[in-house]
Each structure stands twice: as structure tokens, then as C-alpha cells.
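**Q** Given only the sequences and the hints, what does the whole structure look like? Please build it.
The lines below spell out each chain.
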Amino acid sequence: MNQPIVEPLLDGQQDRHSRVLEGQDYHRLTEQICGIVERPVPRWWWPAFLTSLTTASGALFAAAYLISTGVGVWGENQPVGWAFDITNFVFWVGIGHAGTLISAILFLLRQKWRTSINRFAEAMTLFAVACAGVYPLIHVGRVWMAWFLAPVPNANAIWPNFRSPLLWDVFAVSTYATVSLLFWYVGMIPDLASLRDRAVTRPRQVIYGILALGWRGSGQHWHHYEIAYLLLAGLATPLVVSVHTIVSFDFATSVIPGWHTTIFPPYFVAGAIFSGFAMVLTLMIPARELFGLKDLVTDQHLDKMAKVLLATSLMVGYAYGVELFTAWYSVNLYERFAFQNRLFGPLAWGYAIMVLCNVAFPQLLWLQRVRGSVWALFVISILVNVGMWFERFVIIVGSLERDFLPSSWGQFIPTWVDLLQMVGVFGLFSTLMLLFLRFLPMVALSEVKATLPTRPSDFKAGYAVDEREHVASRVKEVRVS
Amino acid sequence: MPIIFSKGADVLLRRVVSVVILTVALGTAVVWYYFTPKYTRVGYAPEQPVPFSHEQHAGKLGMSCLYCHTNVERSPHANVPSTQTCMSCHTQIKANSPLLSPVRESWSSGEPVDWKRIHKVPDYAYFNHALHINRGVGCASCHGQVNEMKVVYHAEPLSMAWCLDCHRKPEAHLRPAEEALNMSWKPPSEKTQSEVGRQLIEQFHINPGQNCQGCHR
Amino acid sequence: MNHCPSHQPPKVSALPTAVLVGKEYWRSLDELFDKPEYREWLEREFPNQASEWLGGTVSRRRALQLMAASLGLAGLAGCRRPDYPILPYTKTPESVLPGLPTSYATTIHRPGSAFPVLVETQEGRPTKIEGNPLHPWSQGATDLQAQAAVLDLYDPDRSREVMLTGQPSTWQAFDAFAETHISGLFERRGQGLHFLSEDVSSPALRLLREHLRQVLPEAVWHVHEAMGSENVDHGAALAFGKPLTPTYRFQNADVIVSLGSDFLGVEDGAVANTRAFAERRKVEDSLAPMNRLYVVENHPTTTGGMADHRLRLPASQLQEYMLALARELLSRTRQDQGSDNPSSKLVKSIVGVGSPVPLPSGWVREVATDLLAARGRSLILAGQQQPTLVHGLAHLLNAELGNLGNTVLLRERPEERIKSLGELTESMRRGEVGTLVVLGSNPVYDAPSDLEFGVVLKRVPHTIQLGLYPDETSAVCAWHLPMAHFFECWGDAETADGTYSPVQPLIAPLFGGRSALEIVARLCRYETTEPYEIVQSSFRRRTDLGMEAFRQFLHDGVLHDSAWPIVNAAPDWAALTRAVEEGEKRTADVGPNNLELSFHADRRLFDGRFANNGWLQETPDPLTKLTWDNAAILSPATARLSGVTTGDVLELNLAGRTLQAPACVLPGQADYSISLPLGFGRTRAGRVGNGVGCNPYRLRTTALLNMGVGVQLRKTGRTHRLACTQDHGSMQGRDLVRSLTLQEYRDLPAAQASAESNSLPLYNPAALDGQHQWCMVIDLNQFTGCSACVVACQSENNIPIVGKDEVLRGREMHWIRVDRYFTGSADDPGVAHQPVACVHCENAPCETVCPVNAAVHSPEGLNLQVYNRCIGTRYCANNCPYKVRHFNWFDYNQRPLDQLLAGPLAEKGMPELLQMQKNPDVTVRMRGVMEKCTYCVQRIERGKTGARLEAAGSAAYSIPDGTIVPACAQACPAQAIIFGDLSDPNSRVAQAKHRTRNYDLLGELGTRPRTSYQGRVRNPNPRLAATELVEEEDG
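Protein chains in written order, with the numbering used here: chain A, 13 to 493; chain B, 10 to 226; chain C, 17 to 1051.
Computed list of chain C residues with no C-beta within reach of chain B, every gap over 10 angstroms:
hint: 1; residue: Gln183
hint: 2; residue: Gln188
hint: 3; residue: Ala192
hint: 4; residue: Glu203
hint: 5; residue: Gly368
hint: 6; residue: Gly418
hint: 7; residue: Arg433
hint: 8; residue: His571
hint: 9; residue: Pro581
hint: 10; residue: Pro608
hint: 11; residue: Gly745
hint: 12; residue: Gly840
A short, non-exhaustive set of chain C residues, derived as facing chain A with CB atoms under 7 angstroms:
hint: 13; residue: Pro867
hint: 14; residue: Trp905
hint: 15; residue: Gly919
In short, the hints are calculated from the structure, not lab data.
All C-beta atoms, glycine included, are put in the ideal place defined by N, C-alpha and C.
**A** Here's what the structure looks like:
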């Protein structure tokens, strides 16, 4: 009975098999995912959450100190006007790419394997973008004047400078955040509805009820839903490319050797996807262990992601090579020096870390054995995160430290505030992530179900029946206990 | 499925949403209007230690602005008259009026009269009275019809946008330089203001700066 | 009195700051004016007397009330609440317009000399100092210290009240004491009364001294200067029999040989020297005659930086070189004569002294040849601190070369019996000193340590010290009297050549100080204690001119042609020969095992008197680029020898005295020679100067006054963080400072004019349709690196200091960065200075990237930074190829520098006094905004407004070239900075742009900078160059 029947879907045998494991069916799936939200919190959750929260409050404190005292509390100086702030901004925006890529692009490409990880990735995207958003705001000298960036009519009759890439950033990132949020939320509505229907306590019923926007799963609902989802996917897709392209303009349009290069847009986008997938892996691997989702997020998924990782790593590696070549080929004194300095200058160690983590180690992914080993993947994904952080650091700080006039060369030394700010924002990220895991369905139920094979039994005992039985049993449980 | 929400829930939801939207819109509008100099400054008329009436002096008596604001033609800022200036008349006229006692005290003590400041631009904005007067911008253009004010009040916003309006369209406000101090100057009947303005611009190559350097240093 | 050109329009006198709270401002100032000295001002001195200036009767009494008013006009921008008060005057002054800056001519005393200045006052507050264009000693230019003097006036650490043995007292108390005490002295004809003053060259003081000699014949006057010019006098006395004062005419000199003389740097008259010297360096066309400068010195100096040939010799060997040069020259000038002529005797005696140390062969022969070729047009200079014999020989050679009367003028000044500090200490030891009056001097800090002045001073029963600060000496003296700053009192002064100039007060004494004249007059019961009257009578004595002339004198700030008479004198060969024979024989030669230590005045703090001046402390030393520190300077070779690197703390042991000092390895320092700048390590200078750097005076003794051989050097193992503003001295093969030899310059085809940068801007370039197109040219051939421009800019533009910690972080705020590059070999490099401020790119990278339009371009080609629009993204600074933008990382103007990190917990607000110094025409920036050079836009606008007002009623207006001068150009002694209107083809700047050595810095980036540079031209002696080359190859 559990023998799955071949479904005439796009996926090949292999793929279907990997997705549909023995004994998987609608009910078990619902139980599994909703259960995570409904069952009492696992023992590890509270410690984890409190730690993250404390760390996050560190970021708050650092920011408060910064704003009340002056940007001087950071290590930045003349000539290094940007350091940890913009490094982390670019880093987080980069992370924020995987989500939308997986959801939107893979959706349009009908890559059904995405269904079990896209929700998770989208959530990660949102939180990453939120973290990124912190930096551009607090890094300015007079935060209280930041509204000058907004193109609103004012008593000074001045507009922002639309030539400035920094302004483009403001629009690019905020658009991206908005669309990602919508995409994530819309996709979640049916699942919120099932959470609502399974809820036994009043508060949960109300909250999920409101969030579900009165979803009843009617044909019409599904119809609208599909259209909306498709449109949003279409809308989100170009953003994946545009955001980091524009972020890269911050540097590409400048005159500073090491920044001023045309390869940045593709280079940055590739890097962003690279780091994004790495982060998904870093988070997904422990998550599937902790919540026992091995049968949903299967080794096949990890394998696929590993391959993406390998591909993007090669692109990034290529970019590194081309950079050096162009510098040499340009016969430009300053360009050449900038890259000599990158390789052998004060930040050479940073460059080394970046190349090792982003290009060297990922090559291991050629090996089936490595892709098959969860631990190897986990370690590599973390290394890639580190490497990508250093890439941004080396590009930003390294180039600023030594540009045209040797007399103005300087050095950047981070202060405790720099570090606290950075660590704190990681804390913020994990806080949000934990909340998500706790209160929202971390796998897109409806989508996964849609890819499950259909069996006669499912038509007999439909979705609703299934749910009613469940509620009845839950109520009994509650009474007993 | 359990019934969670009452029938009215949808309506309620809609109402809540629309209220939120309205509040936001209203808030924006409020800020937009009330946080601008147009509102915060115009109409400001503090009580002065001495109820000095410009209407009386500049209007009825027809005294020239220069009698008190002596430097306005030469100096970046029009000075506030010294006690001496007041006393030069008020030793004879209304010599014992109780209203003038602060002036007399100041005269005897040497301590200045504590007038309240009405018109002022930010410190980072450098305005030059002499230049404007000499190029034919009348007192009234910025200070309003002071000669009709019993109590002087803030007549114009003096906001940057307001300055720029004139710097972009000077013809709307220019007058012959010698008429600058004339509070009741009107363009000659056969001409409109903008005609007069354009002619003056032509004649004196008046080209008001619109770049930051003119006012911000 | 107004020195501003007549059409100079009034200034805007809004208060300079966007962050001050208006109320507090005027209120507290009011309180200030209610202080007695304010009343005093109304009654006393400068209001009434100075009103007798040209233009007749102005009651200056009113200027004050005026002040209150314009200050009242200060306040914050604002919405209708709270109310802002206006303080008008009670009585109206006729002549003064609020907002109109007025300049007065006055003079700053310098050791044995003076520096004439114009002081710009804003409603009674001195705010800016310029040189006095009518005075030959300045010709409108200034040096670092003169620019910074205005900050001392407002120094909160200045002594504020009379102190008696550390307890607050009053002037009344002192006057009472003085009366009784003096009458006692009068009975004893002044027995036991000793005065100790700085070397103040003031006729008025001389007048009082004469009176003193009559009424108190037994009283003795001593003079002490740490970096005095005794050797110069003794040298002249040796050479000519009497202490004639040499003054130099550099404009007439084709060949100049300087022996340890920093005549373009710290030595007296440097400003005038620089101007004259630069005259012969501004090769406007390639055929213009250019002088040649040889410098022999042990530590790199400003002068050495300008040298065409520089020889590094240990200080102790300069005399050897002098002897060698003398022998070479004399044997060649007088070779035709017999052996019994004075010259050959001298030569013999020189040979007798023993063979001089081996000197680079060319350096004696070729230099001599060059000098002989330029008889009457050459000049040999000995540094002020050089031994007497060197001075004597220099005079002799100048005479021999026929330079007397051409490049060297000898002046005879009235002689006076003055005793030294040494003699004072002697009589103090013998207990002969009953009463010691110290006027301004600070011997406890800067006397040679073997005198133990501080200890001996305690034996004196009655000690009175008059000082600007409660300093090291006042700590030991019974009475401490606050001295009036020279901007607060009447006086007069003479420059070293005797040119007579007045000292007039510009503001009433802020802390009720008195001048030295008052004190002395009171103590010697002179007919009046009123300084103004004393000055008048000294004026009458010095000239036979009347009151009218006196007014002119005050107005001009100089008595024209009042220099000492020029005399002819013949060298005394016999005396010199004797001197050479008796001259102490050189003991051990300086070498790896026998290091030498030399002391020299610091280029910023001089001998330490300026130690509490933040501007000077933070000005980077032109050579070492150090701020907030002094260091033991070693050559790379010496450093390698003793395994020392920059920052190591060394223990120096000279003749049993030890001092710990951080090391600073500096290319160009003579090998085996360590040099220490004086002036640091003050213990009671004030909050700024206390404990900054180390105090070399502790090693300095009467015997080893300027240098000592055989210093022991030990590494303590500790290190010290030196706040150096430039870490990289190499140009990395980039043509940043372009230089060429005179010959190359002459061969340069006119076609090779500065490469026009062909830029393809991404956006439409800013419309440059203004009536004027401002631009600047900086001539690197005249630029000496003296850094007067840096401080001038700081004072004009309200630039804050940031303190050592911030400099260490690389956050100094100076709008002008004087870059110093080394060229050539690592051990014996050439030095190139290049001032870099915002170059106002026509195609500016900063403008496109600013998201809020705070960096914008004006139609007149200015690259504007609008503070009130800036939100501080720092993108502009990142994208600036010249890195000339400076960010306000903290509230430098509002918070104490030691509490920057305390943020909101630190106390807020700028000290009252410092507010008074600020230039009301320039916004004081708050934290979080970017700032940079504006080409002094406030001066440009002032000039334009003036021209417009003049042209009122007519159509067009024009601004004559040279009317608008930025602070840096105005201060520059070398006139290296030219500013003007490019659209006027006849302007100096437009002319300069067409020279072949004009080039744009980083022009290839297509930024099209408005500031361009003129390549450096060197004028080496080909034959010497050849020999040097050979020697380099040898090893």
C-alpha cells in the first residue's frame, strides 16, 4: 500500500524517489510540520533563544552608544571611512539572496525539490535583509537627519542626489525587503490556515486566524493564490539580480583602485548566491537534525545545494582571477599596486582566508563522498560564510587603506564597539530565526503536498476529514492531561 | 472546522485597516503642514518690554527705517536701535510715560533694553541686509508691512524654499533700489510688478545666486 | 585703523556656531563684561588713548557696548519657542559697524627681536592674526607661532589672579607690599635687587632700565633666553671688535652656504628671510636667475629641505668644516701674497689645529670655487647656536668675499650693561640677592640643569614673578602676578635690525593682568606707571617726532627706516687667529662608539613657551610629522647600529645626567648624531602642555649648551606611541611631487606644458558659468613646509584640535595636509614637501556619490560642502582620490578632548574664552558632518559683496586680482600659494597656469582639479654633483 505509484510529473524517477520516502502521506506530513509548532518547546530552545536575545541586545547597546557619542567610537578613520559597517551590510544582503532565488527562480523553473526548503530559505532571507538594513542607517554621522535621503518635498526645496549609488541602495534594498516579505507571507497563508484549524487554544486560533486571512482552501482561493504566487515570483526574480548589482555599484562607480571595476555586478551577485546557499546549509543541517526532517529535507536536497555551492564558488573564483588579470593587463600603476597590496599588503592574511574558504575548500564538493557527508557540508558551508565576510572586508578596507597618495595611507583597527555591533547583529538574526522555527511552519506544507503522489485513499479521506480526526484526538489528549 | 471569528469579524478587520491607513495619512499631513516654518514662524509676535509701535513711528509719523536701523544699508545685519536713539526724542516727547520706563532705566544704568528677537535665520545661513537693500529688495518683501504693525510679527516664513522662490523669480519682488525703504511702494500704474522687475534685472544685471555658497559657509 | 581695503564690506556677525545655545552665550559674556576689568576697560587705556588714531574722535568706550549687542544677535536657528533676546547698545558708537572686522597693528615680542602683526578683531574680540604688510620683517606674512598667538590670548589656563605663596591674593595686597619693600630698597640704593627678564627688545623697557640705574644704581638686570643669540654677538665681537648685528639680504645672494643655520625655519627673522630667499626661487620663466643653497647640518631642517646640496655632518664637526672651508678659501684668495700676511697666518693656525676630519672631497673644493665665482653675491651663514669661532670665521669669509654691504649688513645697536643668568645664579648662591623680580621668563624649566636654578631660587628671601601662566617658576616664587597678554597692553618693540614698532592693546586684560612695564615702573618709582605714557615718552626719545607721527606709528605698526645704522667694519685677523689657536682641540671623533647629542628649538613650541597652545601641539612637525611629542632623532644607520626602531624608549646619558626619550628614525639625520627638540616635557604649562613629550633641558648644561659628544644610549625595552601623521615617506614611483633641475627646466620645450587631462565625465559636468572662476596654484619650488598655512587655515576656519589619541587613530582635522616625501637614497635623501588641501575638482568624485546633495559644485568652480545638509555617510571622503576630506567623528567643539568617548556623559559646551576666538563668518561644525577646504569661501563672498556694494547703481562689477586672498596664501612667507580668478587672463594665477612646470596632481584621473602645482626646480652644482655621484659609487 505504501508502494508509491509513478506520477506523470516533471521530475524523473530518481528525483521523485528521493522526495517521497517510504510511508510519507499528507497526514503524517501535517503532523510532522505543524507538530513542531504545536508541541511544547524542545529543551534546547529556551537556552538558545535567551542567548541570542542577550547577544542581540548587545547590538542595541552598541548602536545606542554610537548614536549618542559619534561614529568615532568605531575604529574608522581617515582614509578608511567605511569598515565593519558596510562590510556587514554587504555580507547580510548577500546572505539574503538564497531565499528569493530558491523560491522564485527555482519555482519558475519548476524545480520541485525546492518545496521542502524554500520557506526556510525565505525566512532566512528576510531576517538577513533586516540585519543588513541596520548598518546603512546607523553608520551615518547624523542619524536624525537621515530623512534627507527620502525624496519628499520639504521646506528647503532640496531633493536627494539621484546620481548617488547610496541612494540607489536605499531603493533597491527596501524594494527587495518588501517583495520578499510579501512572497514569504503569501506562500505561508494555506499553512497558517491549517495551523489555525488544528489550533486548540483560543489565542492560537485567533492569531493564526487573523494571519490566515480567512483562508478556506476553496478552489477559488487556490486559484487566486496560484496567480498571486506566480506574479510575485516573477516580480522577485529580477530583484535577486538587481539588489546586489546595485550594492556593487557603491564600489564599481567610485574611483578608488580595487573598487573601480566593471566586473563587480556579476561578481557580487554570484558571491551573494554563494554565501546565501552556504547560510541555508549552515542553518538547514542542524534544523533537520533537531526537528527530524530528514525525510523532507533529504540528502538529495543537500546534494543539490552542494552542487549550487560548487558552481557559484567557481564563478567567484573566476572573478578573483579576472580581477588580478585586469589589474596586470591595465598597466595602470594604481590598479596594479592595489592588487599587489591585496595579495601582499597588510591585509594579505584576509585575502588568503578569502581565497581558501571561497575557492579552495569548496572544490572538495566535486567528491560525491563529501557532498554525501552532512558534517563535511556543514563545515564547508561555515567556511564559505567566513570567506565571504572576508571578501567584503578585504575589498572595502583593503582598498581604502592604501589608495592614490601614500601620504594619506592609513590603517583600520576595529574597536570593541565594532565587534559588539557585529556579534550583536548575528544575535538578532538567530533570535528571529528561532522565533520563526517556533511559531511558523518551517516547511511549505501545501507545496510539498502538491508534489506528493496522489493515492485513492487520499480522495476518500480528504484533507478536511483528516483534520477533523486529528482535532478530536488532540482534544481527548488535552482532556486526559 | 471550529468557528473562531464572529460574523462581524471581516467588517471589523476592514474598519481597523481603514482606520490605520487614515491615521497614517493624517499624521503625514499634520507633519507636512505644522512642522514647516510657514506655520512655526509666521505670526510670531512676542510681547516686547516696551510696547513699541512701528505703526506709530514708521507709519503715522513716517519716520525712515534708517533713523533707527542705521546700518541696514552698510552692514550685513540691520542693527537694533540703541537706547540713545530712543532717548534722542523721548527726553522731550512722553518723557515721563510709564511705558518708556525700561528705556529710561537702560539709559541711566547702561544696561541694554531686553528686546525679543523676531526675525532670525539659522547660524549657518548668512544673510546680508546691505546687499539686498542696495539691489532693490524692499524691507516689506521680507518683513511685511511693518509700518502697519502695532506689534511686529513674523510675516513671512523665511524658510529656504521661500528664499529660493525669490532668487529664482526676482522680478516678482524687485523695485528700484532707492525705493527699497519705501514701505508703501507700488509699481507705477502703467506697469506691472514683473515688468518693473524684468527691466531692473536687465539694467543692473541682477542675477541672484542659487548655489549653496551664497548663504552657507 | 582699518587695514581692510576700503571697499572691504562688513562681515556677517552671526555667531559662528550652529551648536551654541544663544542664550548662554550672550549671558555669560555679559557677566564677563560686568567683571571689574570690563569696567576698567571702559575707563582705562585702549578705549581712550587708542582713539587718537587717524580718523580722529571715536569713543572706543562704545565699541564694547557694541560687542554686547552683536553677541546678542547670536543664537540658534529656530522655531518660535524659546524667545531669543537682542541686546542693543545703550549708546551708539559712530564709527563701528557690527559685523565689520577691524584690524589693528601690533607687535609680538620674540627673543631679542619682535614680530609685527595685524590683528583682526570682531566687535572687540581679536580673532585672526595676519602679518603687517608695512613692516619689512613680515611684509604681510606670518609664521606658525604668530598665527597661533591668538589662541594663547583665550587660553583658559592663563593665570587669573595674584598669588602669594600659593594662596590667592590681590593686586592691592601686592601694591602695598611693593610700596613698603621698595622704600627699603631705595635706602640701600637697590642693593640686592635683581631683575630677570626674557630678551625683550623694547625701548620703553630700556628707558625704564636707565631710570632704574639712576635711582637704584646697585640693582642688577639679567636676561635669560634658552635659545638666545649670545654666540651671534660674541662672534661679531670676535670678528669686528664690537657686537655688531648682522642682517642679511638674501635677494642679493646667488650662492648661499649655511652652516647649521635654519634661517628659513626656527631662527629669528625666518619670515623675512623666506620671502627674500623665495624671490630668487620663483623662476617665473626658465631664464630667471636662481640662487643656489648649500646646507651643512646635523639634523634635517626646513632650510635643509630647500637645499640644492645638503651635507650631513655631526654638529660637533661643523666647526671642522668651517675651518676647512676657511683654509681653502683664504689660501686661494690670498695665494698671490707673501706668507706673513694675516691671512696666511690664520691659515697656518688652522693647519696647526690639526687635520680636520675627512670631509667629502668636493664639499670644500667645489663650494669654495662656487663662492669665489660669486664674490659679492655670495653669503655664508652660521646658525645662531653655532660656536663663537664659527660665527667669527663666517664674518671673516663674508668680508673676504666682499659680501659686506651687499648680502650682509652690519648694524650697530646701542650697547647696554646686561648680565646673564649664570651671573645671577652665582650671586644667588653667594646670597647677594635679596629681591628677585622675574619678568615673563621661566628659568626653573629652561635654565641649564647644572645651575639648579630652582633650588638656588629658594634661598632668595623675596621673589616676585610676573607670568602669563602659573608655570614651573611661579611654583617656587613667593609672589606670582598675572601678566597681561601682548594683545592686552601697551608697549613697544624692536626687531633684531632695530626697526621700531608699537604694541597696542586690542582688548582689556581678560584676567586683570599687568604688563612688565607697569611692574618695573612701579618698582623703580618711575614718574608714571601708565604703560601708554611710558611708550609715548620712549617714542619721543627714540625719535624727535610729534604726536601726529605717533598716530601714524600706531596706524602703520612700524616706524619706517628706524633700523639701526649700517656700519662698515674690517675683520680683526689677529683676534681670529688667536681664537683658532686657542679654540679647544677636538677630542675623540664622533663615531659608532662615540655618539653625539644636539639640542635644537622645536619648530612648533620653540623653547617651550608655546607648550600650552593646542594648535601648535597638533601641527605636524614639517620633517618628522610628529604631533603632541618630541623624540630623539636618529639616522637609519645609527638606529641599525644600536638596534633601535621608531617608538623605542631610549635612555640617554650625557655627562651623568639621564633622560628617557622615544626614538624617531629620520632619514637625513647625520650618522652617530642624535638630536632632541627642546620645548616639551613641561610640568606646569597647563592642561594642554603638561606632560607632553620629554624635557631635554634636563641634559642641557652650561658646558654642553647646544650639543655634547659621548652620549650613552640604552634601550629601556619600553615603547612609546608617537602620533605621526604620515607613515609612508616614499612616493611609490608615482609622480606626485614633480621636480627637475634648472638645466632640464631650461631645456623643457614650451610644448610640454602640463598634460591636459582628457576626461570623459559620466554625468554632465557642472555648469561653470559664474562670473569668476576661482583657482589656485602652489609653487613647490617656493614652498618650504613651514606649515604657517596649516595654522592660519585652522584659525580662519574654526578647525578644532582633536588630541593625541585621535591623531593616533588618523583623525586630525587640518584642512591642509603638508605631505613630506623622501627622494633618493634611504640614508641621505632629499626632502619634498607638498601641501594638499581640497583641490576643487571640476569633475569631482565626491559630488556624484553624496546621496543628499551636501557636496555640490558652484558656478564659480568651488567644490562646496554644505554642513547643514550633510548626514555623514563618509562616501565622499572614501571616493576622494586626494583624501582631503575630514569627518567630525566626535563633537570636538563641544566636548573636552579627554572625554570624547564618554559621549553624553561628558560635559557639553565650548569654553567661553574659546568661543570668543571663533570666526563668526564660518560655521562651527558639529559631530557627524564632513568638512574640507573651501578656498575660504567666506572671504570670497566678502570680496564679492564689497564689489557689488561699490558697484551699486551700476551694472557690472569687477574684483581686482589679489583682492581676495585665502588665509593660507596670506600667511605664506614664501608666497608659494597664488589664488585668483582664472577667467581674468591677466591674473597672476592665470599666468602661472601657463608655465611649463604647472601640473595637476593625479590629473590623469580626469578630476580636473582647480588647484595645480608648479614643479620643483633644483639648481645643483654640476661639478659637486659629479663628485657626490662618485662617492656614492665608492660606497
